[in-house]
Amino acid sequence: MDVTFIEKSQSTYPWGSRYDPQRLEELEARVRLDAAGGLAVHDVATHLLTLKLYQLYPDRAKDDIKGIILAKSLMVLPSEATTCCRFLLKPLDTRTTEQTTEQSELVRKLVELADLLETGQFHQFWRLRSQEAAHGTPLGQLLDSIVDFDLGVRNFICSIVEMAFQKIRKAELAKLLNSTDVPSEWKVVNQDDGDDIVLVKPVPRDMLRSQSIGAERSVPTERLMLMFSRLARETERPRARRRHQHAPRKNADQRS
Amino acid sequence: MVETIVDPRKSTLPEEVSQYLVNFYNKFVDGDSVAVHGLYESGFTRIAERFYKSCLLPQSSVVRELLRDLEAKVQRGTEADDDDESANAAAGHAPSYIELFMLLYQELGYRHMHMRLHPTLKQRSQSWSNYLALFAHFAQGHLQECALPASWLWDLIDEFLYQFEDYHQYRARSQDGHTLEELETENMNSMWNVRTTLEILSTLVEKSGIVGWLREAVGAPKPDDNYPFASVNNAAAATATAEGARAATAATGSIAPAARGDSAEETAKDTGGGAGEASPDNIGVHEDDAEDFRGAPGAAEEDEEDMANDSEDQSLTDADEDLGTLAPERCLAADSLLYRYLGYFAMVGLLRLHCATGDFFAALSVLDPPSLFETEWIRSVTISAVARASREKPIPSAANAEPAGTEGSLMQSTDLRLRLHTHVTACHVAVYYYIGFSALMLRRYEEAIRALQPTIVHITRTKHIHVRSFQYEQVNKRIDQMLALLSLAQCLGRNRLDDSMNSWLREKLGDRTTRIRQGDLSAFEELYNHACPKFLQPSVANTCREVFLQQVAQSESGLPAQLSSYLRIYRTIDVQKLSQYLGLGGSADHSTEQVLAALFCLKYRALLRHRAATASASGSPALGTAMDSEYIGTNDTEFVIDDVGMVDVFETRTGKRPEDYFLRNIPRLGEQVSLYRRIQRDRLAATAAAFAQKEQARQQRESEQRKAQEKQQQQQRLDSEQYARLSQAPDTMPVLPPRPLSLAERLAGVERSH
Numbered sequence: 001m002d003v004t005f006i007e008k009s010q011s012t013y014p015w016g017s018r019y020d021p022q023r024l025e026e027l028e029a030r031v032r033l034d035a036a037g038g039l040a041v042h043d044v045a046t047h048l049l050t051l052k053l054y055q056l057y058p059d060r061a062k063d064d065i066k067g068i069i070l071a072k073s074l075m076v077l078p079s080e081a082t083t084c085c086r087f088l089l090k091p092l093d094t095r096t097t098e099q100t101t102e103q104s105e106l107v108r109k110l111v112e113l114a115d116l117l118e119t120g121q122f123h124q125f126w127r128l129r130s131q132e133a134a135h136g137t138p139l140g141q142l143l144d145s146i147v148d149f150d151l152g153v154r155n156f157i158c159s160i161v162e163m164a165f166q167k168i169r170k171a172e173l174a175k176l177l178n179s180t181d182v183p184s185e186w187k188v189v190n191q192d193d194g195d196d197i198v199l200v201k202p203v204p205r206d207m208l209r210s211q212s213i214g215a216e217r218s219v220p221t222e223r224l225m226l227m228f229s230r231l232a233r234e235t236e237r238p239r240a241r242r243r244h245q246h247a248p249r250k251n252a253d254q255r256s
Numbered sequence: 001m002v003e004t005i006v007d008p009r010k011s012t013l014p015e016e017v018s019q020y021l022v023n024f025y026n027k028f029v030d031g032d033s034v035a036v037h038g039l040y041e042s043g044f045t046r047i048a049e050r051f052y053k054s055c056l057l058p059q060s061s062v063v064r065e066l067l068r069d070l071e072a073k074v075q076r077g078t079e080a081d082d083d084d085e086s087a088n089a090a091a092g093h094a095p096s097y098i099e100l101f102m103l104l105y106q107e108l109g110y111r112h113m114h115m116r117l118h119p120t121l122k123q124r125s126q127s128w129s130n131y132l133a134l135f136a137h138f139a140q141g142h143l144q145e146c147a148l149p150a151s152w153l154w155d156l157i158d159e160f161l162y163q164f165e166d167y168h169q170y171r172a173r174s175q176d177g178h179t180l181e182e183l184e185t186e187n188m189n190s191m192w193n194v195r196t197t198l199e200i201l202s203t204l205v206e207k208s209g210i211v212g213w214l215r216e217a218v219g220a221p222k223p224d225d226n227y228p229f230a231s232v233n234n235a236a237a238a239t240a241t242a243e244g245a246r247a248a249t250a251a252t253g254s255i256a257p258a259a260r261g262d263s264a265e266e267t268a269k270d271t272g273g274g275a276g277e278a279s280p281d282n283i284g285v286h287e288d289d290a291e292d293f294r295g296a297p298g299a300a301e302e303d304e305e306d307m308a309n310d311s312e313d314q315s316l317t318d319a320d321e322d323l324g325t326l327a328p329e330r331c332l333a334a335d336s337l338l339y340r341y342l343g344y345f346a347m348v349g350l351l352r353l354h355c356a357t358g359d360f361f362a363a364l365s366v367l368d369p370p371s372l373f374e375t376e377w378i379r380s381v382t383i384s385a386v387a388r389a390s391r392e393k394p395i396p397s398a399a400n401a402e403p404a405g406t407e408g409s410l411m412q413s414t415d416l417r418l419r420l421h422t423h424v425t426a427c428h429v430a431v432y433y434y435i436g437f438s439a440l441m442l443r444r445y446e447e448a449i450r451a452l453q454p455t456i457v458h459i460t461r462t463k464h465i466h467v468r469s470f471q472y473e474q475v476n477k478r479i480d481q482m483l484a485l486l487s488l489a490q491c492l493g494r495n496r497l498d499d500s501m502n503s504w505l506r507e508k509l510g511d512r513t514t515r516i517r518q519g520d521l522s523a524f525e526e527l528y529n530h531a532c533p534k535f536l537q538p539s540v541a542n543t544c545r546e547v548f549l550q551q552v553a554q555s556e557s558g559l560p561a562q563l564s565s566y567l568r569i570y571r572t573i574d575v576q577k578l579s580q581y582l583g584l585g586g587s588a589d590h591s592t593e594q595v596l597a598a599l600f601c602l603k604y605r606a607l608l609r610h611r612a613a614t615a616s617a618s619g620s621p622a623l624g625t626a627m628d629s630e631y632i633g634t635n636d637t638e639f640v641i642d643d644v645g646m647v648d649v650f651e652t653r654t655g656k657r658p659e660d661y662f663l664r665n666i667p668r669l670g671e672q673v674s675l676y677r678r679i680q681r682d683r684l685a686a687t688a689a690a691f692a693q694k695e696q697a698r699q700q701r702e703s704e705q706r707k708a709q710e711k712q713q714q715q716q717r718l719d720s721e722q723y724a725r726l727s728q729a730p731d732t733m734p735v736l737p738p739r740p741l742s743l744a745e746r747l748a749g750v751e752r753s754h
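These protein sequence lines map, in sequence, to chains A and B.
Take the first sequence: its position 192, counted from the start at 1, is 192 in full-length UniProt numbering, and no numbers get skipped.
Take the second sequence: its position 413, counted from the start at 1, is 413 in full-length UniProt numbering, and no numbers get skipped.
By construction, these hints were calculated from the structure, which means they are not laboratory data.
Just so you know, these numbers come straight off a predicted model, no measurement behind them.
One or more hints might be untrue.
To be verified - Straight-line Cα separation of at most 20 Å, DMTMM-like style, residue types lysine to aspartate or glutamate; simulated pairs:
hint, chain 1, residue 1, chain 2, residue 2
1, A, 175, B, 643
2, B, 577, B, 589
3, B, 577, B, 648
4, A, 175, B, 642
5, A, 175, B, 589
6, B, 577, A, 172
7, A, 170, A, 185
8, A, 167, B, 682
9, A, 187, B, 682
10, A, 170, B, 643
11, A, 187, B, 642
12, A, 170, B, 642
13, A, 170, B, 574
14, A, 167, B, 574
15, A, 167, B, 643
16, B, 694, B, 710
Sequences and hints are given; from them, build the entire structure.
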């Protein structure tokens with residue numbers, strides 16, 4: 001990608017090159033870099049732009065790149081990345097009207113995994129995942145190649161578990177997370193019958209009472225001040241009003 | 001050239017039309033934008049209605065002849081040199097007035113064609129090239145002093161996108177038709193190309209420098225370092241705009257001192273102007289803000305290296321780009337009102353285009369420069385600036401504050417001149433409609449409500465002002481769609497609107513509002529179909545609809561919905577029992593799993609809502625991970641699962657809020673009372689005034705009477721004196737008989753006797 005090449009392509013195309021299909025190569029390189037980068041590296045903008053270019057130029061779409069992008073978006077749930085990706089998967093083909101452009105197997109399975117995660121069917125998710133890994137399918141290989149994929153998904157599941165549980169049996173937690181590690185903030189209480197209980201990060205006690213929402217809301221001061229000033233005016237008025245009204249009445253008497 | 005199919009007046013224009021055109025052209029050249037506005041808005045529609053109701057506008061060659069004659073007569077400088085007009089345009093020189101006017105006239109012609117007739121493929125292609133030529137002129141910065149009113153600019157962009165969508169629908173329709181061969185003969189890939197359209201709009205946005213101008217004008221600090229947008233597009237856009245620079249300066253070395261110098265000057269200008277912050281921010285650059293004028297001088301050196309190598313890989317990771325050569329173009333938005341509008345409207349056009357292709361995230365990110373949500377943005381940014389250490393902490397007050405109330409108070413404080421979209425109603429409506437729709441599709445329900453509600457209220461209140469029938473119906477239709485979107489967002493996001501809004505929604509949308517609350521999927525689909533914009537292609541439309549309905553189904557119907565209804569009833573319940581009630585057969589494990597899954601689904605929804613709330617509060621999009629370990633409170637059913645499988649439900653009763661009711665109604669009552677008092681006072685004053693007037697009249701009459709009496713008495717005295725004098729001097733004068741009484745005296749005598 002040297003200077004002359006870019007210039008040449010731009011001399012024939014007078015507009016910008018933001019959506020230039022030539023950029024696909026380095027965008028894809030970036031995506032692969034992200035795949036190897038783990039949890040910390042996730043350039044959403046690049047990913048979405050890549051998907052968009054795939055939309056515009058569907059014949060240059062690469063399946064594995066799409067797969068990586070989707071998988072990375074799963075790692076960062078509950079961000080919107082997955083939703084955004086879903087919208088961009090279908091190609092914008094201006095030549096054909098066949099709406100039956102199927103997604104590839106890989107992409108379809110990934111979308112399925114995403115659905116499972118979003119509907120909370122974590123057991124199912126891990127089942128599918130290990131199935132893929134065991135059979136060595138392209139999807140399984142892809143997911144293995146993405147660093148920390150499992151970790152990302154586990155983070156998400158942990159956050160849900162945190163909201164849903166206060167105490168959970170270790171066995172169940174292991175099933176949900178598909179691993180025997182327990183997040184460091186959670187305490188493990190050993191019980192005699194071998195079934196450990198994990199204390200999920202406790203929620204402050206006062207939050208757990210039944211609350212009536214309306215009572216807690218505080219009234220903003222400005223509106224109170226308005227109200228009070230008006231009330232003050234109202235209570236003063238009657239005196240002044242009486243005085244004011246007497247004067248014209250006198251004239252009326254005079255007239256008659 | 002506009003084709004005339006049937007036009008008896010082929011070579012001669014009717015007198016009125018030619019007069020109108022001449023007038024229009026003169027005003028256009030003179031730069032009289034007010035007159036141009038009037039001529040454009042009312043004059044054009046009038047002429048089109050009267051003369052060209054069902055046929056095309058006069059051929060452009062005829063019009064060109066007319067104008068050339070005019071120019072020759074007036075001899076307006078060297079601009080009438082029209083032999084190499086087109087050559088000039090191609091070479092990028094400033095176009096002559098005739099050239100420009102012809103482009104604009106043709107655009108009007110194509111618009112007329114699309115509105116009244118069915119344009120053929122050839123005409124569409126001509127229209128496309130016309131637009132390309134026009135936008136090329138804009139992009140090269142020639143049109144700074146042009147007298148184009150804002151509404152025309154908006155109509156340009158609006159119509160451009162409309163024809164774009166129309167063309168693609170036409171393609172989709174005629175695929176199965178007979179015109180397939182005709183399609184293949186033309187150069188399909190270039191006409192109404194999605195990519196080119198995107199690029200055009202982006203270029204317009206960049207060239208006008210509208211983003212930088214807005215940022216500076218608002219005085220807001222730039223987005224923070226954790227902003228996850230790398231300037232991928234900056235690199236490409238930078239090369240695009242640097243193309244012109246490179247053409248001018250062959251060596252990249254010359255860019256370096258310019259870059260450094262300019263950026264230093266700019267940072268100095270910024271700090272001098274007190275525009276937010278002077279601290280160099282090397283990382284946080286927005287993707288659409290291609291020219292980041294606040295980059296530190298140090299970064300400029302790096303960028304120059306990047307440009308020299310043109311290794312875009314590097315620039316991808318290094319997120320700051322500063323092209324100091326764009327300093328002259330920066331002034332485009334600052335100085336020229338036209339470019340300001342153009343850039344702004346191009347941003348809105350981008351928003352619409354992204355929506356049409358299904359890229360909602362890009363749509364919303366186009367608007368991140370502080371133009372539209374500047375109230376929320378500034379407020380949240382200043383809050384976060386105050387509490388810099390806890391940047392990640394959600395700000396509950398900002399999230400939970402009444403949207404209408406606080407926004408209203410803040411809206412007045414921002415400069416109206418910045419909210420350029422309010423200058424053209426159609427633009428205003430379109431902007432918030434698309435924002436609302438994109439937010440809805442991305443599940444940012446609070447943001448959607450925040451966008452839709454004030455706009456609906458405002459527009460319906462001021463509807464009577466805009467009675468121009470052309471845009472009136474379109475605005476109405478959009479408002480209807482926005483209402484549907486609002487009800488969807490309210491239901492899905494479990495938000496609560498004002499009661500007045502609720503009742504209005506219910507009356508407009510009928511029972512669909514109640515049905516969606518009950519989870520009726522068909523009602524969702526109806527509302528969605530009513531409210532969705534025109535997509536580019538049926539496939540896109542279907543995808544969006546499917547995804548949306550799937551989202552809805554996930555949370556509204558099926559197990560989670562039933563579950564939430566059970567959770568409302570019970571305080572504690574066993575998971576096993578729940579699975580029993582829900583009628584889940586199968587093994588105990590499996591049903592437990594399903595119940596747990598449904599419970600997790602509910603929690604996920606709550607998490608999403610919380611994410612959206614914190615995201616909108618902190619001003620950055622919701623792309624972070626869910627490592628937030630704070631307690632998440634929602635308006636929904638709260639529950640916690642125990643280790644033995646018991647679900648404990650905490651009900652959240654939303655109590656009545658009397659204080660709100662009182663707060664709302666006391667001022668209202670006060671207003672009524674003061675109104676009443678004012679009326680009464682006015683009436684009293686009126687009667688007093690009438691009384692006083694009558695008094696005055698009476699007194700006047702009395703004084704007049706008195707005066708008349710006095711005059712008579714005086715007259716009598718004079719008479720008697722005279723008579724006495726006369727009687728005292730009898731010798732000198734003969735005794736005159738008494739002077740006969742004059743009429744007045746006789747009358748006075750009569751009156752006196754009465």
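> Checking against the hints above, which ones are violated?
Replying inline: The structure breaks hints 8, 9, 16; every other hint is satisfied.
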